[in-house]
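Following the hints, position chain Z against chain E.
Chains as they are written, first to last, in the working numbering: chain E, 681 to 1120; chain Z, 681 to 1120.
Worth flagging that the hints you see were computed from the coordinates, not collected in a lab.
Treat the hints with caution; some may be incorrect.
[Claimed, not checked] The calculated lysine-lysine pairs, modelled on DSS-like cross-linking and capped at a C-alpha distance of 30 angstroms, are:
id: 1; chain 1: Z; residue 1: 790; chain 2: E; residue 2: 993
id: 2; chain 1: E; residue 1: 857; chain 2: E; residue 2: 793
id: 3; chain 1: E; residue 1: 993; chain 2: Z; residue 2: 793
id: 4; chain 1: E; residue 1: 790; chain 2: Z; residue 2: 993
[Stated by the list, open to error] A short list of chain E residues far from chain Z (calculated; beta carbon distances all over 12 angstroms):
id: 5; residue: 782
id: 6; residue: 785
id: 7; residue: 794
id: 8; residue: 875
id: 9; residue: 897
id: 10; residue: 953
id: 11; residue: 989
id: 12; residue: 1024
Quick reminder that beta carbons are idealized off the backbone N, C-alpha and C, glycines included.
Protein chains: 2
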Amino acid sequence: MDADSAQPTQQPTGQPTDQPSAQDGGGKAPLSRRAVIGWAGAGVAIGAAAMGSVAAATMEEKGDPAPAAGAGADIPFYGDHQSGIATPVQDRLHFAAFDVSTTDRDALVKMLKEWTKAAAAMTGGREVGTGAASGLPEAPPDDTGEALGLPASRLTLTVGFGPTLFEKDGVDRFGLKAKRPEGLIDLPKFPHDNLDPARSGGDICVQACADDPQVAVHAIRNLARIGMGVVSVRWSQLGFGKTSSTTPDAQTPRNLMGFKDGTHNIAGTDAAALADHVWAAPGDGPEWMTGGSYLVARRIRMHIETWDRTPLKEQEDIFGRNKGEGAPYGKQKERDTPDLKAMPADSHVRLAHPDSNNGLMILRRGFSFTDGTDGLGRLDAGLFFLAYQRDTRKAFVPLQQRLAGSDALNEYIQHVGSAHFACPAGVRKPGEWWGQALFG
Amino acid sequence: MDADSAQPTQQPTGQPTDQPSAQDGGGKAPLSRRAVIGWAGAGVAIGAAAMGSVAAATMEEKGDPAPAAGAGADIPFYGDHQSGIATPVQDRLHFAAFDVSTTDRDALVKMLKEWTKAAAAMTGGREVGTGAASGLPEAPPDDTGEALGLPASRLTLTVGFGPTLFEKDGVDRFGLKAKRPEGLIDLPKFPHDNLDPARSGGDICVQACADDPQVAVHAIRNLARIGMGVVSVRWSQLGFGKTSSTTPDAQTPRNLMGFKDGTHNIAGTDAAALADHVWAAPGDGPEWMTGGSYLVARRIRMHIETWDRTPLKEQEDIFGRNKGEGAPYGKQKERDTPDLKAMPADSHVRLAHPDSNNGLMILRRGFSFTDGTDGLGRLDAGLFFLAYQRDTRKAFVPLQQRLAGSDALNEYIQHVGSAHFACPAGVRKPGEWWGQALFG
Chain E
681 MDADSAQPTQ QPTGQPTDQP SAQDGGGKAP LSRRAVIGWA GAGVAIGAAA MGSVAAATME
741 EKGDPAPAAG AGADIPFYGD HQSGIATPVQ DRLHFAAFDV STTDRDALVK MLKEWTKAAA
801 AMTGGREVGT GAASGLPEAP PDDTGEALGL PASRLTLTVG FGPTLFEKDG VDRFGLKAKR
861 PEGLIDLPKF PHDNLDPARS GGDICVQACA DDPQVAVHAI RNLARIGMGV VSVRWSQLGF
921 GKTSSTTPDA QTPRNLMGFK DGTHNIAGTD AAALADHVWA APGDGPEWMT GGSYLVARRI
981 RMHIETWDRT PLKEQEDIFG RNKGEGAPYG KQKERDTPDL KAMPADSHVR LAHPDSNNGL
1041 MILRRGFSFT DGTDGLGRLD AGLFFLAYQR DTRKAFVPLQ QRLAGSDALN EYIQHVGSAH
1101 FACPAGVRKP GEWWGQALFG
Chain Z
681 MDADSAQPTQ QPTGQPTDQP SAQDGGGKAP LSRRAVIGWA GAGVAIGAAA MGSVAAATME
741 EKGDPAPAAG AGADIPFYGD HQSGIATPVQ DRLHFAAFDV STTDRDALVK MLKEWTKAAA
801 AMTGGREVGT GAASGLPEAP PDDTGEALGL PASRLTLTVG FGPTLFEKDG VDRFGLKAKR
861 PEGLIDLPKF PHDNLDPARS GGDICVQACA DDPQVAVHAI RNLARIGMGV VSVRWSQLGF
921 GKTSSTTPDA QTPRNLMGFK DGTHNIAGTD AAALADHVWA APGDGPEWMT GGSYLVARRI
981 RMHIETWDRT PLKEQEDIFG RNKGEGAPYG KQKERDTPDL KAMPADSHVR LAHPDSNNGL
1041 MILRRGFSFT DGTDGLGRLD AGLFFLAYQR DTRKAFVPLQ QRLAGSDALN EYIQHVGSAH
1101 FACPAGVRKP GEWWGQALFG
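Just chain E, same shape as in the assembly (with noise of 0.2 angstroms):
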């Protein structure tokens, strides 16, 4: 099959299309649809991700995204939900929280369309527009070209809607406060909590992941781009290494604490537990956040130098799980039950455990950080923590609280960034964009 016979007609109005286009206005030589080639070392399934690229152009209406066929390939971007929540976590992430510096709320609504648009063709292993390289030579290009010649590399890219969006100050922004889910609650105190509100909050939030951060990064920096005058990035989180894995069969990865600490999550692939702790399902709240998802993102400074002075047996009494193999205690294997009794009482790993709160579960996606080092020379270091939920009053919210009034691990743990948002369903197809339901 030919890429090009996958696209679509030019639209009429001036916009970049979803689809790459062979033809340009300028002078400069075409450059449409980027060309896919191994990044050294990456052992980039070429063929996948190119035949990737077209399955995502041309799929509507499916349901969850198919398993990734390799570090490079595509992830689609249209489906009943948004990817990067029940995708399969990839190894690298750049989140962004906005602000909307505008009152203007047709240009926030012409700035979602657009953001949808560059979304789906980033994703998709293509460049913003008419790229980099093409275009009118007087004017900037359309995509700022870091990522030419890089694979779609699993990028994913999910939008959500923070309380402020609806309401700030008691102002009624943009006429959606009476569409705001209760569910989205503006989120408590907790226990030891040292919020930084530069790094809180935010009205927009783009979660983008991939196994390139060049990929990542340059898909937000292109959203900020396009948002320029619209909205300004509030604050935004590099994450290196993934602590959570929504693949069982995988290996957990360690957290900057040296242990596994994500074994017991949601698989991406069980629809029940999915339906059951994750989606936003009918009559859960408004109709726009049906098939949406909560998230939940705190950023958790670790005290390392402290942590890397306490003894052994400390620190797997603090997790409950012994740290080579990271098996609960009492048990030979990672993933073996544990038993909870076998652990300290306020271990971890059993206050955090699905059996200690009634079945609660939460989907978690959080990435290790690492930002240089303070003013101190101490590692500025530890969990960007994600978690995507049902309903967080059900979810975060109790688990948090009992985590932050009991857990050992909160002398070496600091709270010192929050935010919450409404993420809603997926774009379903080209033409829809993200938070029409909500705008709608």
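Chain Z alone, transformed into the frame defined by chain E:
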């Protein structure tokens, strides 16, 4: 060959040996050699990595490192030159500049010996000391553990000594003043420099490069931990996308301006060019630097948002290349020999090209960085420039004077951090240590 047959006898000092021990002093199950486990999707050459461990442990007096067998392979630690210079550039960087906080020369020497053992272990894919999960339960583990289960990921650790180690505020701190190379100059102030002292200088540097950022971060963290009370981190920098290649047949990566800018670099396999331009030769300076190289590190912030509003033609004029293919002006392919006269006189490629600088060449090894956003919502992003050379006075200094004076790129970049280090020759065999020829 059994891995353990390469294991030397336990040293009587009680220090961790270069090799893992199958024994441990505590009651825990031994976990003396890190299991080399494939990282999902990374395409790890497990056999090659395991072989590499043994090869690295047994090799002595070898020359240039062998080419890497895969993303997870080991780079030999021992050799005439330090690895991490001519080594094919890895995907990720964690660079740290340390200040020595003690006045005790013996404590510093002891730490350098411990660092060397730890570096040999970690670059071989092994844990520091007895590991993260062995040893006495009442004591902190020797290794912090977050790289447990990860392959060596082509980790290299490269050490360098800054001017202030030899003399600081007029004080000959460690009796090294007479051994300071004349070439280890205090870099002059260049036009447009806007250096932050907190991101500049340092007594000692360690460059950690690996294909997995968790491995690079782990290495710097464990060295910092070993150095507690002797050194403290002055500043550190993470890099996520290499911008230069020392393997001429590989794709040249793009910088955050979307351009290919590392095309004409010294190849790590070009022994003649390395001898001419990179390795200090007998008679160049003090004997302890023979076989070493001088490293200049510059944190170069890019004015990303301004660049992104610049017309394509102006962007291309600034570099002297077209953006899509990366070809020099008037040529078709990236690696076509540039016609410098076809480029604007102030273009970056023209000014930096060896033909404009009497054949001057430096080995570039820079990485892109994105450290979130600044207080104004702008990306704090750019190029962490790393360059190795035989004599900085004849290489980086005249080149940067020329660029800082005339380069059209200056409107879009600013140098905000700067450091200079003398990186000695390689550690040739187990028992030798970083800085031995300097301190010995």
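Against the structure, the hints:
| no. | hint | in the structure |
| --- | --- | --- |
| 1 | Z:790 to E:993 | holds, 28 angstroms |
| 2 | E:857 to E:793 | holds, 21 angstroms |
| 3 | E:993 to Z:793 | holds, 28 angstroms |
| 4 | E:790 to Z:993 | holds, 28 angstroms |
| 5 | 782 | holds, 14 angstroms |
| 6 | 785 | holds, 21 angstroms |
| 7 | 794 | holds, 15 angstroms |
| 8 | 875 | holds, 17 angstroms |
| 9 | 897 | violated, 5 angstroms |
| 10 | 953 | holds, 21 angstroms |
| 11 | 989 | violated, 5 angstroms |
| 12 | 1024 | holds, 14 angstroms |
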